[in-house]
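Chemist: Next come the chains, spelled out residue by residue.
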Amino acid sequence: MKGKKIKRLGLAACCMMAALMMQGCGSNKNGQKIEIEIVQYKPEAAVYFDTVEEAFNATHDNIHLTISSPNDAMTILRTRFIREDYPDIIGIGGDINYSYFVDAGILADVSDYEGINNIKPAYLNIAEALKLVPIEGSYALPYVANAAGILYNRDIFEENGWVIPENWEELIALCDQIQAAGKMPFYFGFKDTWTCLAPWNAMAVDLAPADVTKQVNRGTTTFATEYREVSEKYLQLLQYGPSDPFAYGYNDACTAFARGESVMYPIGSYAVPQILTVNPDLNVDSFVMPANDEKDGNTLNSGVDLLFAVTASCENKEAAYEVLDFLYADENIQQYIDAQNAIPCKEGEFQLASMLDGMMGYIEAGNMTDYQDHYYPSEMAVDAQIQTFLINRDVDAFLKKFDTDWLRYNRDIIRLVQKYEEEHGK
Amino acid sequence: MIEKKNTNWLAMALLILGLSTIAFPLYLTIVIAFKQPSEMTNSISGILSLPKTWSLSNFREAMRVTNFWHSLANSLLITIVTVVLSIAIHSIMGYALGRNKAGNKFYSFVYLFIVSGMFVPFAILMMPLAKQTAEMGLANWFGVILLYVVFYMPMNILLYSGYLVNIPMALEEAARVDGASTWRTYWKIIFPIMKPMHATVAVLTALSVWNDVMTPLVIMAGSETNTLPLAQLNFQSQFGTNYNLAFASYLLSLIPILIFYVICQKQILNGVVNGAVK
Amino acid sequence: MMKNERKITFLCITIPILALFVCFNTIPLIRGVIYSFTNFKGFGKYDWVGMRNYIDLFSDARVGKSYLFTFKLAIVTTIVVNVISLLLALALNGKIRAKSFFRGAYFLPNILGALVVGYIFNYFFTYIFPALASMVGIESLSTSILSSPSKAWIGIMVVCAWQAIAMNTIIYISGLQTVPEDVYEAGGLDGATGWKQFRYLTFPLIIPFFSINMVLCVKNFLMVFDQIMALTKGGPAQSTESISYLIYNNGMSGGQFGFQSANAVVFFLVIVFVSVAQMKFSSSKEEQL
Numbered sequence: 013m014k015g016k017k018i019k020r021l022g023l024a025a026c027c028m029m030a031a032l033m034m035q036g037c038g039s040n041k042n043g044q045k046i047e048i049e050i051v052q053y054k055p056e057a058a059v060y061f062d063t064v065e066e067a068f069n070a071t072h073d074n075i076h077l078t079i080s081s082p083n084d085a086m087t088i089l090r091t092r093f094i095r096e097d098y099p100d101i102i103g104i105g106g107d108i109n110y111s112y113f114v115d116a117g118i119l120a121d122v123s124d125y126e127g128i129n130n131i132k133p134a135y136l137n138i139a140e141a142l143k144l145v146p147i148e149g150s151y152a153l154p155y156v157a158n159a160a161g162i163l164y165n166r167d168i169f170e171e172n173g174w175v176i177p178e179n180w181e182e183l184i185a186l187c188d189q190i191q192a193a194g195k196m197p198f199y200f201g202f203k204d205t206w207t208c209l210a211p212w213n214a215m216a217v218d219l220a221p222a223d224v225t226k227q228v229n230r231g232t233t234t235f236a237t238e239y240r241e242v243s244e245k246y247l248q249l250l251q252y253g254p255s256d257p258f259a260y261g262y263n264d265a266c267t268a269f270a271r272g273e274s275v276m277y278p279i280g281s282y283a284v285p286q287i288l289t290v291n292p293d294l295n296v297d298s299f300v301m302p303a304n305d306e307k308d309g310n311t312l313n314s315g316v317d318l319l320f321a322v323t324a325s326c327e328n329k330e331a332a333y334e335v336l337d338f339l340y341a342d343e344n345i346q347q348y349i350d351a352q353n354a355i356p357c358k359e360g361e362f363q364l365a366s367m368l369d370g371m372m373g374y375i376e377a378g379n380m381t382d383y384q385d386h387y388y389p390s391e392m393a394v395d396a397q398i399q400t401f402l403i404n405r406d407v408d409a410f411l412k413k414f415d416t417d418w419l420r421y422n423r424d425i426i427r428l429v430q431k432y433e434e435e436h437g438k
Numbered sequence: 132m133i134e135k136k137n138t139n140w141l142a143m144a145l146l147i148l149g150l151s152t153i154a155f156p157l158y159l160t161i162v163i164a165f166k167q168p169s170e171m172t173n174s175i176s177g178i179l180s181l182p183k184t185w186s187l188s189n190f191r192e193a194m195r196v197t198n199f200w201h202s203l204a205n206s207l208l209i210t211i212v213t214v215v216l217s218i219a220i221h222s223i224m225g226y227a228l229g230r231n232k233a234g235n236k237f238y239s240f241v242y243l244f245i246v247s248g249m250f251v252p253f254a255i256l257m258m259p260l261a262k263q264t265a266e267m268g269l270a271n272w273f274g275v276i277l278l279y280v281v282f283y284m285p286m287n288i289l290l291y292s293g294y295l296v297n298i299p300m301a302l303e304e305a306a307r308v309d310g311a312s313t314w315r316t317y318w319k320i321i322f323p324i325m326k327p328m329h330a331t332v333a334v335l336t337a338l339s340v341w342n343d344v345m346t347p348l349v350i351m352a353g354s355e356t357n358t359l360p361l362a363q364l365n366f367q368s369q370f371g372t373n374y375n376l377a378f379a380s381y382l383l384s385l386i387p388i389l390i391f392y393v394i395c396q397k398q399i400l401n402g403v404v405n406g407a408v409k
Numbered sequence: 201m202m203k204n205e206r207k208i209t210f211l212c213i214t215i216p217i218l219a220l221f222v223c224f225n226t227i228p229l230i231r232g233v234i235y236s237f238t239n240f241k242g243f244g245k246y247d248w249v250g251m252r253n254y255i256d257l258f259s260d261a262r263v264g265k266s267y268l269f270t271f272k273l274a275i276v277t278t279i280v281v282n283v284i285s286l287l288l289a290l291a292l293n294g295k296i297r298a299k300s301f302f303r304g305a306y307f308l309p310n311i312l313g314a315l316v317v318g319y320i321f322n323y324f325f326t327y328i329f330p331a332l333a334s335m336v337g338i339e340s341l342s343t344s345i346l347s348s349p350s351k352a353w354i355g356i357m358v359v360c361a362w363q364a365i366a367m368n369t370i371i372y373i374s375g376l377q378t379v380p381e382d383v384y385e386a387g388g389l390d391g392a393t394g395w396k397q398f399r400y401l402t403f404p405l406i407i408p409f410f411s412i413n414m415v416l417c418v419k420n421f422l423m424v425f426d427q428i429m430a431l432t433k434g435g436p437a438q439s440t441e442s443i444s445y446l447i448y449n450n451g452m453s454g455g456q457f458g459f460q461s462a463n464a465v466v467f468f469l470v471i472v473f474v475s476v477a478q479m480k481f482s483s484s485k486e487e488q489l
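Chains as they are written, first to last, in this note's numbering: chain A, 13 to 438; chain B, 132 to 409; chain C, 201 to 489.
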């Protein structure tokens, strides 16, 4: 008896709620219009994409655009792929996931899209290099980039008359000076392992070949050779940070830097919004990590933060291109970079955020190299290996493990590369 | 212990001592939920200090960002339906298996088969389930509920059949002598006796469902339906987390489940077994 | 006639529910097992690799390390949680004041989301606990235990226990509710009080609940994931990578879906084995008593 009552109650509740939810959906479907759906992976830019969506739909009668900016978008994309429920356009980062998606044949060739000619060649090359093996066609439209180097507190620098270092010697001298002045040069948030990659990437672009992973895949070199200097210099940096950097997370480090507890913070431009929420008045700028002993040997560590790719199953490429045209309109890109302190991948005159001032020379000259970790498979957990290395401080053991693990985790990719080279007679 | 009519002060002292381990984190949660991001510091005195103003703006903002009432309705729907179905289905299954598994190979196999389902790592089921639910047209809240009913079946059956051990067969036999069918006997006699266990199951199931992110994320990906935990994901991204809004939002979503728990607690503790067995 | 009706009713109950279970648990599991023989990344095309994933599994130092860590954590946490929750359940079931307040309060840790728990305990272990330790003068604890590869698991243990105690206490309380008052009355006449009463009267009667709790605890802590994500994300120096963490992180977010499916299959068999052994052990205890 009681059970029935409960069941009936449940049923009633169920119906009520269902009715409630039905109202929510189902009202905006319009049979006449072409539906274009974008899923992009940067939830922090959701506000921007909402305004774009609204503006687009207000000005276009033939196409209805939906942009979703979910958190954990990669999981959502993967589960949708397995269901074969593909969005028309995906917005992802230029990293190994993109390489996998190209390899899996999920993406469509967009070399016939006219807008591609307005994209800076440096970034198109980065996207090209991400392909596991050279495949005909362009699959990525880089939208914006970010850069990693060293953020610094401009006010403290000016008060003390410190200048931006341009090679490794100058950087170390500056750190000594800062320490002598009783301040902490760097803050690290190594408890969050991924932050270990920020200085690593920034130094590796200066000291190792840009295509080191591909060279290793071809068997022409080893990480033990190419990464030794990076590893040794990284250990040198450690002494200028907090005594137990593994106790603090990314958030702690951002807060500490924002509060002036350290003068510099080796991290990407993407950290600036978080830092400014703690201290909106902080006068922050950034400079390129001068890891090379020669000034000319340095390059800006910059990679594609957001690229758009049309999926192979998109039924209406014309409509997708129309949406892309809208996204690439100068005023929209400007709006994006204002909100996210990003670097546009499109050619043209844009007003960049002031915290990129110190990197301007490199950006204008196009002297940029992609993050090395964009080629690392995430399951190899290079970030955790670097953290382990920084704790144990054993360069040889770290590099040896790096080499053996690399072969183990990239087995399929290496086989793919070898097969390709055999077929193409290299 | 029991025969004393007055308060057990030893137990009281223990409880109060233990309470401090809960009060401190709770204090921090509340304080952070009221602070502004610019009030966040790494110093101990800074984190312990009270917010500058007791403004509800974080809560309002959190409600706006999560589309609170809509997400709340979805979460409530999924939780309530799952709990109701779980109590009905799992208790009767627990009864069927619990009463028969002792002497019957089939039932003891089914019992072990289902209970061992508890140990399947969700990660291995996730991809196949995403595919399967989509194929069956269940990539929606109803599919999520069905999955919950299956996921919590092993544990709840374990609980129910464990509880049955202490319910004497004599009760059922008496009813059977009176000519009642097994089905009727179950709903009239056994189901009400298991009330404390229903409350326990309700609490445990509701709690797991209420806080679960993965299942709705994977199954309902791409649909408009958002549950509260899904909506709360909006507060964190790799490069920045707004802890103040997030904490305010978590405090808000804590209230319904706490109320539910307090109600169920009464049921667990006003158990009817003692009277019934006599 | 009567017997038959009972049999049919039970079958009518069991078959459909079993079918539901098979449909949404067994079938996807089988599909998952099939993936474990491939190099599937989670999307796109894949090749059959035979037993390669299983062979790799047994030669993978990282997986081996994660088993050691997970079992160490699970065993210690299970003991800590059960001792404390049994004490709590007895106390909460006893003659105390403000009963419902206490019961509500002790339930709270369980409903705070992982983000909140992670933030607060990170803060506690990073800043507050070291400050307290150096005030008292314990030098070895004056740095964050979460940054030490040898001590980080203790931090995770504390948080797991802190959160799990509520659940276990509820189960123990509902177990204590099945103990009829007259048992105590009879026991009271024989002079059984305090520890003796618990050992010889209460405990034997709640053994089914004790074994449920043991099984659930071991299972939950062997499958520990949320607390790791909230506190250490496997660090420092990969010292707190649990098995579930590896399966999820490398299988779902990484490109190792096939390999981690194999890991999950083996892990599933291991847990089933452990739990069946546990249940066998406790049911033999039950019969003894």
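These are calculated hints, taken from the structure and not from any lab test.
Don't be surprised by glycine CBs; every beta carbon is placed ideally from N, CA and C.
Any given hint could turn out to be false.
[Unchecked claim] Part of the chain B face toward chain C, derived, beta carbon under 7 Å:
1. Ile175
2. Met194
3. Ile245
4. Leu295
5. Val296
6. Trp318
7. Phe322
8. Leu383
9. Ile386
10. Ile390
11. Phe391
12. Tyr392
13. Gln396
14. Ile399
[Claimed, not checked] With the C-beta cut set under 7 Å, the calculated list includes, among others, these residues of chain C facing chain A:
15. Thr238
16. Lys241
17. Gly242
18. Tyr246
19. Gly250
20. Ala333
21. Ser334
22. Gly337
23. Ser340
24. Ser342
25. Thr343
26. Ser347
27. Ser350
28. Pro436
29. Gln438
30. Gly455
Chemist: List in ascending order the numbers of the hints, as given earlier, that are violated by the structure.
Modeler: 2, 4, 6, 7, 8, 9, 10, 11, 15, 18, 19, 20, 21, 22, 23, 24 and 27
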